[in-house]
Amino acid sequence: MKLLAVDGNSILNRAFYGVRPLTTKDGRFTNAIYGFLTMLNKIKNDTAPDCVAIAFDLKAPTFRHKAYSGYKAQRKGMPQELASQLQPLKDLLALLGYKLVTCEGYEADDILGTLSAECEKEGWECVIATGDRDSLQLVSDLTTVRLAATKQGTATAIIYDKDKIMEDYGVSPRELIEIKAIQGDTSDNIPGVAGIGPKGAGDLIKKYKTVEYIYEHLDELDIKDGVRKKLEAGKDNAILSRMLGEINREAPIDKKLADYSVSGGDDEKAADFMADLELFSLIEKMGLRNSGVKKEEKKKEKEKLTFRDCLSEDIDVKSIFGKDEKDIFITYIKESKTSPECIYACNGKEVYRLSVEKLSDFSQLENKIVAYSSKEIYSFLDKNGIDKNSIIFDITLAAYLLNPSSTDYSVSRLCEEYKVEPAKAEAEDEVLQFVCENGTLP
18 MKLLAVDGNS ILNRAFYGVR PLTTKDGRFT NAIYGFLTML NKIKNDTAPD
68 CVAIAFDLKA PTFRHKAYSG YKAQRKGMPQ ELASQLQPLK DLLALLGYKL
118 VTCEGYEADD ILGTLSAECE KEGWECVIAT GDRDSLQLVS DLTTVRLAAT
168 KQGTATAIIY DKDKIMEDYG VSPRELIEIK AIQGDTSDNI PGVAGIGPKG
218 AGDLIKKYKT VEYIYEHLDE LDIKDGVRKK LEAGKDNAIL SRMLGEINRE
268 APIDKKLADY SVSGGDDEKA ADFMADLELF SLIEKMGLRN SGVKKEEKKK
318 EKEKLTFRDC LSEDIDVKSI FGKDEKDIFI TYIKESKTSP ECIYACNGKE
368 VYRLSVEKLS DFSQLENKIV AYSSKEIYSF LDKNGIDKNS IIFDITLAAY
418 LLNPSSTDYS VSRLCEEYKV EPAKAEAEDE VLQFVCENGT LP
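For what it's worth, the working numbering labels the leading residue of the sequence shown as 18, then goes sequentially.
Everything labelled a hint here was simulated from the structure, so no lab data went into it.
Each hint should be verified, as a subset may be incorrect.
DMTMM-like mimics (lysine to aspartate or glutamate), calculated; alpha carbons at most 20 Å apart, straight line [said to hold, decoys possible]:
#1 247 with 229
#2 252 with 220
#3 273 with 67
#4 42 with 374
#5 76 with 121
#6 83 with 263
#7 93 with 205
#8 107 with 285
#9 385 with 333
#10 436 with 284
#11 224 with 185
#12 321 with 344
#13 19 with 137
#14 223 with 192
#15 246 with 236
#16 226 with 202
#17 223 with 236
#18 223 with 184
#19 223 with 180
#20 241 with 229
#21 272 with 139
#22 436 with 411
#23 181 with 192
#24 392 with 374
#25 366 with 344
#26 272 with 135
#27 89 with 74
#28 181 with 220
#29 138 with 121
#30 252 with 237
#31 226 with 253
#32 116 with 67
#33 116 with 276
#34 366 with 271
#35 107 with 271
#36 216 with 242
Please take these sequences and the hints and turn them into a complete structure.
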């Protein structure tokens, strides 16, 4: 059995700074949520866990703050753009069936440590996903750490087992606690011993293993007098720093590992929640039912569009499209370098593939022309001296004006965003069917 234990705050922070700003039309930030879910899904696919626990910090002080008032005192609060995404992420994770774990007086690291200790006790594998190197002290025969990192501008993960820690640091996982006790940690405002940095601390622990041993035998150690004096002066800070730097593995949380199975979620509500956040691509990637359209609407059997290929036919556009005053939807497609230019035109019942020369016929109709991505159409009209005034609306341009931060203005995406059920079509092959339904090539 395998447990994936996720450091929620750390991964969310990584996602926020690693994904370009994304907002909904009404200005809500979503980039951290998008990045978090993307990373979580990848880790799950890579590790195939049986259970998943996602740990979060609470705002309340921990036992470390009570022991040392300066602990993390220099840290600034979350940017509002990130803080505003925390609760929506938690709500969404709960809808997806994940178990979220918090513990007053303890940090997320302590929750991860407690869960990994329980895994070792029960013979489970434990994979810890975090962006914080503090968790490396938890590595064991059964526990590995996937450390979120950036390599050459690309998000990746470094997998730490005991051999990797020895390769990178030259010590065992537990000895990383001893190194931090001496060198300190500026990011957490852990003081350490003044004047001894990472190399000096590493050399001491490689040779003497623990802070306790160093201070029990300080007068006997084969070290320079200057280092001995620094250790003497910094003894209280070293002992304090060791306590601050060690992850507590006895946090009072639910230790029944099977309770962390991903279950009890509601895909339908999760999809609705994600649609409200305009995370449409994730709905599809995660295989959730797109509930942008109400269930009762989905139950209705809609009449399918029929397709007619008229490239080789000399048809009368007016006889087909001039019968009523319905708007006509058109899109321009160049299927390949060797294929002829063509347009697809729809009157709400049929889709016609026509030669682009027929565009001039549309200018003679009284119907209003609605276009998808009209740039190519206008280019053709200009090139051939055809009147452009009949095109009165461009779906793509309108979508951009409503939501300029979006990166996807496809018909299918717009249907999801504006809760419109896309049309279905019948054509002789899948490509033609896709064009009829989406207004563009697949």
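Residue 252 paired with residue 220 [C-alpha distance capped at 20 Å]: 17 Å, holds
Taking only the CA atoms, is the gap from residue 93 to residue 205 under or equal to 20 Å? Satisfied, since the Cα-Cα distance of roughly 11 Å is no more than 20 Å.
Would you check the hint for residue 223 and residue 180, treating anything up to 20 Å between C-alpha atoms as holding? Answer holds: residue 223 to residue 180 is near 15 Å, not above 20 Å.
Holds or violated: residue 241 to residue 229, with C-alpha atoms at most 20 Å apart: Holds - the C-alpha atoms of residue 229 and residue 241 are around 19 Å apart, at most 20 Å.
Does residue 116 pair with residue 67 here, judged by a C-alpha cut-off of 20 Å? 13 Å, holds
Quick one, are residue 181 and residue 192 close enough, alpha carbons at most 20 Å? Status holds; Cα separation ~14 Å.
With a cut-off of 20 Å on the C-alpha distance, tell me whether residue 385 and residue 333 pass. Holds, at about 18 Å.
Does residue 236 sit within 20 Å of residue 223, going by the straight-line distance between their CA atoms? Judged against 20 Å, a Cα distance of about 18 Å means the pair holds.
Between residue 224 and residue 185, does the CA-CA distance stay at or below 20 Å? Roughly 16 Å between the alpha carbons, so the hint for residue 224 and residue 185 holds.
Residue 366 and residue 271 were given as a pair; does the straight-line alpha-carbon distance stay at or below 20 Å? 58 Å, violated
Can the restraint linking residue 436 and residue 284 be considered satisfied, given a maximum Cα separation of 20 Å? Distance ~17 Å between residue 436 and residue 284 Cα, so the pair holds.
Sort out whether residue 276 lies within 20 Å of residue 116, counting only the CA atoms. 8 Å, holds
Checked against the numbered hints listed earlier, the structure breaks hints 4, 29, 34; every other hint is satisfied.
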